[in-house]
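S.K.: Chains as they are written, first to last, in our numbering: chain A, 1 to 581; chain B, 1 to 669; chain C, 1 to 525; chain D, 1 to 102.
What the hints contain is simulated information worked out from the structure, not anything from laboratory work. Be aware that one or more of the hints could be misleading.
Stated by the list, open to error - If you want a taste of the chain A side facing chain B, the calculated C-beta under 7 angstroms gives, among others:
#: 1; residue: P295
#: 2; residue: R363
#: 3; residue: V365
#: 4; residue: N366
#: 5; residue: D392
#: 6; residue: N395
#: 7; residue: A434
#: 8; residue: L456
#: 9; residue: L468
#: 10; residue: W490
#: 11; residue: Q501
#: 12; residue: G502
#: 13; residue: I543
Stated by the list, open to error - If you want the ones that stay clear, here's a sample from chain C, every Cβ over 10 angstroms from chain D, calculated:
#: 14; residue: A37
#: 15; residue: L154
#: 16; residue: D295
As the list claims (entries may be wrong) - Cβ-Cβ distance ranges computed for the label pairs, FRET-style:
#: 17; chain 1: C; residue 1: A458; chain 2: A; residue 2: A508; range: 22 to 30 angstroms
#: 18; chain 1: B; residue 1: G610; chain 2: A; residue 2: V537; range: 34 to 42 angstroms
#: 19; chain 1: A; residue 1: V534; chain 2: B; residue 2: D629; range: 45 to 53 angstroms
#: 20; chain 1: B; residue 1: F641; chain 2: D; residue 2: I68; range: 30 to 38 angstroms
Since the structure is predicted, the reported quantities are computational estimates derived from the model, not experimental observations. Ideal placement from N, C-alpha and C gives every residue a C-beta, glycine not left out.
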Amino acid sequence: MSWPILTVILFLPLAGALVIAAIPKERRRLIRGVAVGTAAAVLGLAAVLLVAFYALPNPSHSRLSGSVSGQSLHRVVSPITFQFQEQASWLGSLSELGQGPSSLNQGNNSVNQSIPPPINATYHLGVDGLAVWLVALTGLLFLIAAVAVRRREGMLKTFAILMCISETGVLGVLLSLDLVLFYFFWEAALIPLYFLLLGFGGERRGPAALKFMVYTVAGSLFMLLAIMGAYFIGGAQTGIYTFDLPTQILIQTSVHAGHPTSLTLFGHTLRFLTPAQWLFLAFALAFAIKIPLVPLHTWLPDAYESGSPPFLVFFAGIVSKLGAFGFIRYCLTLFPGPSHTFQPVLLALGVTSILYGALMALRAVNIKRMIGYASISHLGLVVVGIFALDVDGLNGAIIQMVNHGLIIAGLFLCAGMLEARFHTRDRRQLAGLARRMPIFAGLFLVIALAAFGMPLLSSFVGEFLILLGAFEVGPAWAVAAGVGTVIACWYMLRLYQGVMQGSERVPAHAPAGFHDLRRVEVAVLAPLVALIAVLGVYPEPIIRDTRFSANQYVVSADRGVVPTPASPAARTVGPSTGAPP
Amino acid sequence: MTIGSTFATVGAAVVLGLPLAGFLVISLGGRRLPRAVVRWLGPGVVLAAFACVLVLLAATLLRPAADRSVTVMLWQWLQLGVPKVHGVPGALGFNADFSVTIDPLALVMAAIITGVGGLIHVYSVGYMAEDQGFNRFFAYMNLFVTSMLVLVLSANLVFLVIGWSMVAFASYALIAFWYERPTAVAAGRKAYITQVIGDLGLVLAAFLIFVSLRGPTGALLHTVSLPTIFANVGPGPHFHNGLGGSGSGLVTLVGVLLFLGAAAKSAQWPLHTWLPDAMEGPTPVSALIHAATMVTAGVYLVVRFHPVFQQAPIAAGLVAVVGIGTAWMAGVIGCTQHDIKRVIAYSTMSQIGLMIFAAGIGAYSAAIFHLFTHAFFKALLFLAAGNVIHAVHDEQDLRQLGGLRRRMRLTYPAFLIGALALSGIPIFAGWFSKEELLGSGLVLGPVTPWLWVIGVSINALTSFYIFRVVWTAFHGAPRSEPAEAAREAPKVMTIPVLILAGLATVAGFLEVNFAGWHPLNLFQAFLQPVVGVVRAHAAAGADAAALVAGTLLSVFGLGVAWLVYGRRLIPADLVSRRLPWLYQLSFRKFYWDETYEVVFARPVLRLAEGLTRVVEPNVFDGVVRGVRDAIGALAQDFRSFQTGYFREYATVFFAFAALALLFLGLRIA
Amino acid sequence: MTQLIHSAALGAALPWYPLHFVPASDLVEFLPELVVAAGMVAVLILDLFTAPGPRTRLAWVSGVTVTVAFGVAVGEWVGHVNGHAVFNGAFAADRFGLFSDFLILLVALAVIWLSPAYLQRRGLDSGEYYVLLLGAVVGMLVLSGATNLIVVFLGIELLSIPLYVLCALNRDDPLGQEAAIKYLLLGGFASAFLVYGMALVYGETGSTDLARIHQVVLHGALAGTTDPMLLAGVALIGVGLSFKVSVAPFHWWTPDVYQGAPVLVTTFMSVATKVAAFAAFLRIFSVTLGSTQADWTVAIALVAIASMVLGNVVALAQRSLKRMLAYSGIAQAGYVLIGVALGQPDGTAASLYYLAAYAAMNTGAFGVLTALSGRGEDCDDYAGLVGLARRQPLLAGLMSLFLLSLAGFPMTAGFFGKFFLFSAAIHDGQIPLAVWGVLTSAVSLFYYLRVILAMFSAVGGPDQAVNVAGMTVDGAAVARAQVVLARPTLGARTVLTLFAAATLVLGVFPAVVFGLIQGIHVVAG
Amino acid sequence: MNPHLFTGFIGLSVAMLSIGAVGVLVRRNPLVVFMSIELMLNAANLALVTYGRFTHTMDGQVFALVVIAVAASEVVVGLALITGVFRRGRRLDLDDLSELRE
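Model the full assembly from the supplied sequences, consistent with the hints where possible.
M.R.: The structure is reproduced here in structure tokens:
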């Protein structure tokens, strides 16, 4: 592809936001039209990207495009191959890349002072099989959110602008291949989300938004330090100071782990973690909060309870995946050793999240809160899949990320439709709606089934592979995670049955008379349901794009272990042992 | 690709595709689709599939016995394996395709599913005629048939699991079909959650096989393909292949996990409590799912995995013991229930227990044969009971029935035939299959004689409780208004019942196999390529003793029922007066529901409650709040220095300036 | 010596040139200061000829003066890549000083822009305001380029004395008077320490010239030794400068004075003073005394940490917006001090970048309060901001941007400010500084975001209290604020939008500015 | 310069500084506080001049002159402010100025 498709995708929503900003706020139809059009265009481009990615002769082949000031892009042989790379200078200059302490300092500094390294951060974009699907999911969910937002919504213009900006932020996280750029988008995306939560939600949205922000940013700040730490440690040992991810992945391979930090007290020396392990933990903290993993989850139920449904479509649908994405993209690649060292910890946290989220969902009576806890449970499963650190688990985690995005968006849309009709989020106040809302009942049923892994619906594939991956690490992990799916069946059925089945009951304060779904409501739910079904029966499209990347991530993480015949790493084979049929 | 495999591919696609198409058309059509279409389409696709199964059956029979198993791939489902590319090592990931096996076992199952299923679909046209959810019902029924076919045809463990779970969903949807009844909704949920537990067992078994099955060279196979698994699971030339050799812990664990799945599906202890509740569904559903097909899937699973169980004698023994125990327990419970459908449900549980027992001891052919005949007579019993219920306007309590013999002149003989077949009275289908099953039990294995004694005694229980139903419901005087006004069902409902009655009468003659005398051995011969011959050295004398004892006990049970409920020579409340604990134990279904409530459901809910009330606000949120409050307190402390008095500012300033001097001074020192 | 010859030659060439002991080229390097001083005098005179009434005319003259000075400074920036000392080493003509000058002049320009409307609303419109403001600007410009301890002292006093008076601009406001007295007395007290410290340094090195001092500690008699008297002097200079940049624990005057002074004056002194004082701080510590860094770096680091902790923590408990921003300013000064504590060029560049960011975002934040301040009172209460998003969406958006920047979010200047500071700290091995910076940044989120929360809260009735994240705002006060507070003028909106744009540019394209200051040349004398 | 003399002047300077500082800390009359600050500045001046003599440089004396000039202007401003604040019959007591506080 000769044109910078990723840049266009990235900034199209921002352009949309600017266009919307120029429209008078009374012209609601136009504003909504532009928002939908922008989102649709992004989805269209994402589809083009998917097709182009699919059409690559060999997905492992790196394809580079563009150049910076006449120079061809610097090529690195990274363990992870990224396609459609674009690079331009941003902080520091591209020509300085890989040259170590350089001539950027023109002034003759005072003699006793060492020359600082340049800050080599570039505008570097690229996708792999992992990101390409999440980009598509982003496009889809934002389009659905744009369609789902009501034209009567107060401050429609503000909502549309913020939504477009946050889409750029999310896409930036997925597309960036530079640590600083990544962090930049990672945090920047929070700003529009904060305002969306603050301005458009339930009654307790203010404190919820504040909690969300303080919690997530406080976690991320340590990641910022870790990014710098990786930069300087790698730079000091290899002479290459760069924030470029592919280069940094290579650098971190050759960086020796360093000595454990130690503390001498009363003659006893306490040894702590090595620098690489500290860095890993800092990254992991940020991602764990974003996902979130128990016990760092308490921002989530409040935020999900307070958010407006269109907002939650992408907030729950894609933003929470960014944490899992970060684990795969950054933790496994940059810190393969610590990834293995902390594997049991992360698995334990994942399993705890699965069970804790499931139990909390079992008890919750507020539908949106319940979905929030269910989300914690499901994403715990994703983390288990990632830190199984094998091909099956990782593929499962990637598939499950996409699936969960579809499912959670669907669940929140359903919750929103119920809330719009009955002005309640309490599942006990509703019953027996299926008779008068058959279409809704059918769509809701499929989504609810998918939520606990009904076969031939999409999430079964992911859950199966994740459990298999976990099983390969230790059967106990899979059993514990599996128990979570049983509880998931319990609470999801109870939600569905409680609300849709039994004899009809609606709250007294609800407006009299309700109707089944309008056409636009079907239009937002139906694509989700259709995708959930199609990807369950025929998951190959996702797998085809992701398996090469997933394998590369596993291989990358396996650099962290000295292979022993019994280790899971021994599963990866060269051609000598024969490729699978 | 040979002609055979092309034929099998097309055949399997058609067999699977027809009911699936029915499901999709009906469900997407929704309420707009006219009933006239659905009433033809719903049963039509299943019967067409049945015809197709018959063609496949014929084609298979035309092939030589050794060549009757064909496996073909329909589509590649998942392929995670990656070849080595550009120096990046490849990986042996999980690979799964949707392959189907057309072999005698699968065909027998498919024939039952589509054949009996087709009849029940036809019956449903009448039974559900007045129901609001007519279209929805047929959509679910077609989905069920599709799922069940996926289950039995799959040549891949993952698709077996998929079919297994889809069946559970269809079952759930049909149990909770009348969703405005709270009991139906609760029953559906209970059934589904139990199934999910079983699915988990099956999934774990699949994982265990996937990660530990080794081929002849000792290398890990990483496969979920059933033919490959079966070919390699046994002992091979190397020490480290298969699943670690016969009797090893691994293969036993696989067996136990598989049986966990089978137990959930076949309502065996300890996952049996959902089946009686499932009778909340419409009666055709009970006939199709909870008698003829789905609940027998556990038997199918054990038989299909007989290579594994043959390597795992402990697991197989467990299967046998659980099967016979469940059979006996269900028989005891069946004697005291008042709901006509629940009695039949417990009889189903009991009979499947016997099949499981047979599969556990290795009498695979006998198990499948009983499954085969059971499908006819149990579907018959349910449909006949359905006629009764239909006639008395949804009254299911035996105490409210009575005297229906004269009012339902077609249903009564049909039910009677079903009861006779179930009891194992000679010449009816059940007699042949049950005697073969029990006869196998006597000759196989060292522990089994004791189990066999129990098994034979079940005959007496069975005939007692089913004839209790016959006499209570059909004989005597009507005991309620609706029973008084009962009418025979329409033809669309009676004809399938009569067809099933005919089959329940004659199906046994496929396999005439007594005490070493086997003039007709069609069924076993047909299944032999799959399950092999197990009755190599039957002791003729013992077999004959089994035959005689079993038959006599059946007649004995029938007689007792006649004395108690027909003649009323023995008071019906004899046991409840003399042995109230025994009666209560039976009536309360051995208190399993209560036990599970106390041991599992309530603790989990209480745990959830505790987490919500205590842990979440005080621990997880508590830490966050604690940090916030601590910083707030610190802020207040710091604020107290800011008094507004110039002198204090100057003093503190001076103090810190002095400290700065001191600090640098100390550094020098 | 060569300079003297040069000046003699120049003096010969320009017979009308009276100052034969200073070359005319040195005066050229001093031109921005001269322009502002001349403007000050011009305003003073013009004030006499202005009829009673609005002083808008004076604002125009002041604005033009500052703009011209800025233009001159730009010209000088282009003129020399490597700086040199002028006035016999008393004053630096280098990019470091000029960069600080840019910030000071831009902030001054913004304040002047906001002045007429604010002063008229508050009834404070007077000529001497502009005179004093320009006088303070001259002091700041002098301080940022000072390379002699005498000039440093002179600069500090030149900027302080007008500020004392400006604090008491409102003669009817007892709080303003109190603020002025406190500032005056504490400022004098601190000056005494500063001068005494300078005396000690001078005594040990034999010169007040920074270049000489640098040479002495690097190569001369004091090289390699730790002289206690010198260090005592350094400590006292540090205390005096810490007072000026208001870092804990020398910050006591800050909250009171910021609160008591008119918010416009607070805007000016909270930003411009710090820029100038930090310029001196960086020049003296990182460059002149760079070789003795090991002796003082821990002390400065402790002050930085104390400042970050105290500022951010106490800001949490504030109900006055000006006090909150004052504590926020203490914390921000703590961040800048990280760059001083490192004593390395990357720290210097990072501090300068942070100062630029701070100039944009803090001027903006205070500017919003200024623009909102109405007749008779400043906008100093959360009540004034409740519901601002509905009343003044633009202003609420701008304020949010400035606060997010202060909190250090990406897309805003504060992010890269902190980024460069922390990365410099990590590079120089001062990891605890970075960790404390991060921890306190996390704390700061709460109070910055709470202001945003207030702006986006719905306004209830007069009897309905509004709860803003644990803080209860009286409904009656909210209702009153709606009436009392002003609608921002077009000029105010324009200047705030420009500062917001600057905040965004610094946050998205940091290389634009960071490229200017990376490896910037600092003349030590 | 005589070292004893030098020590004496410096000692005097330190004493003046200390007396001034104590005056600032303990007195409540703003005028006296202001005088104490002047005393501290003059202590610095004394030190500057002493050091200038000691090191044979002129910087100290120039500095002292500048300090004197600056102090004078500060006094002007300070007295004006103090007069302004206390003109309305308020007691000359710094402790009364504690409205601005937490």
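S.K.: Against chain B, with CB atoms and a cut of 7 angstroms, does the hint on A:L468 hold up?
M.R.: holds (5 angstroms)
S.K.: Tell me if A:L456 is really an interface residue toward chain B, meaning its C-beta lies closer than 7 angstroms to one of theirs.
M.R.: holds (6 angstroms)
S.K.: Quick one: work out the minimum CB distance from C:A37 to chain D and report holds if it exceeds 10 angstroms, violated otherwise.
M.R.: Consistent with the label, C:A37 stays out of reach of chain D, its closest Cβ about 15 angstroms off (over 10 angstroms).
S.K.: How about A:W490: closest beta carbon in chain B under 7 angstroms, or not?
M.R.: holds (6 angstroms)
S.K.: Are A:N366 and chain B close enough, Cβ to Cβ, to be under 7 angstroms, as the hint says?
M.R.: violated (11 angstroms)
S.K.: Would the hint on A:P295 be counted as holding, given a Cβ-Cβ threshold of 7 angstroms to chain B?
M.R.: With Cβ-Cβ at 5 angstroms, under 7 angstroms, it holds.
S.K.: For C:L154, is the shortest beta carbon distance to chain D beyond 10 angstroms?
M.R.: About 6 angstroms separates C:L154 from the closest Cβ of chain D, which leaves it inside 10 angstroms; violated.
S.K.: Can the hint on A:D392 be confirmed by a CB-to-CB distance to chain B that is less than 7 angstroms?
M.R.: At 5 angstroms from the nearest chain B Cβ, A:D392 passes the 7 angstroms test, so the hint holds.
S.K.: Does the CB of A:Q501 sit less than 7 angstroms away from some CB of chain B?
M.R.: holds (4 angstroms)
S.K.: Under 7 angstroms, Cβ to Cβ, is where A:A434 needs to be relative to chain B, so tell me if that hint holds or is violated.
M.R.: holds (6 angstroms)
S.K.: Decide, holds or violated, for the assertion that all CB atoms of chain D are farther than 10 angstroms from the CB of C:D295.
M.R.: Label holds. Min Cβ-Cβ 21 angstroms, cutoff 10 angstroms.
S.K.: When you take the CB atoms of B:F641 and D:I68, is the distance between them in 30 to 38 angstroms?
M.R.: With a Cβ separation near 35 angstroms, B:F641 and D:I68 satisfy 30 to 38 angstroms, so the hint holds.
The structure fails to meet hints 3, 4, 15 from the earlier list, while all remaining hints are met.
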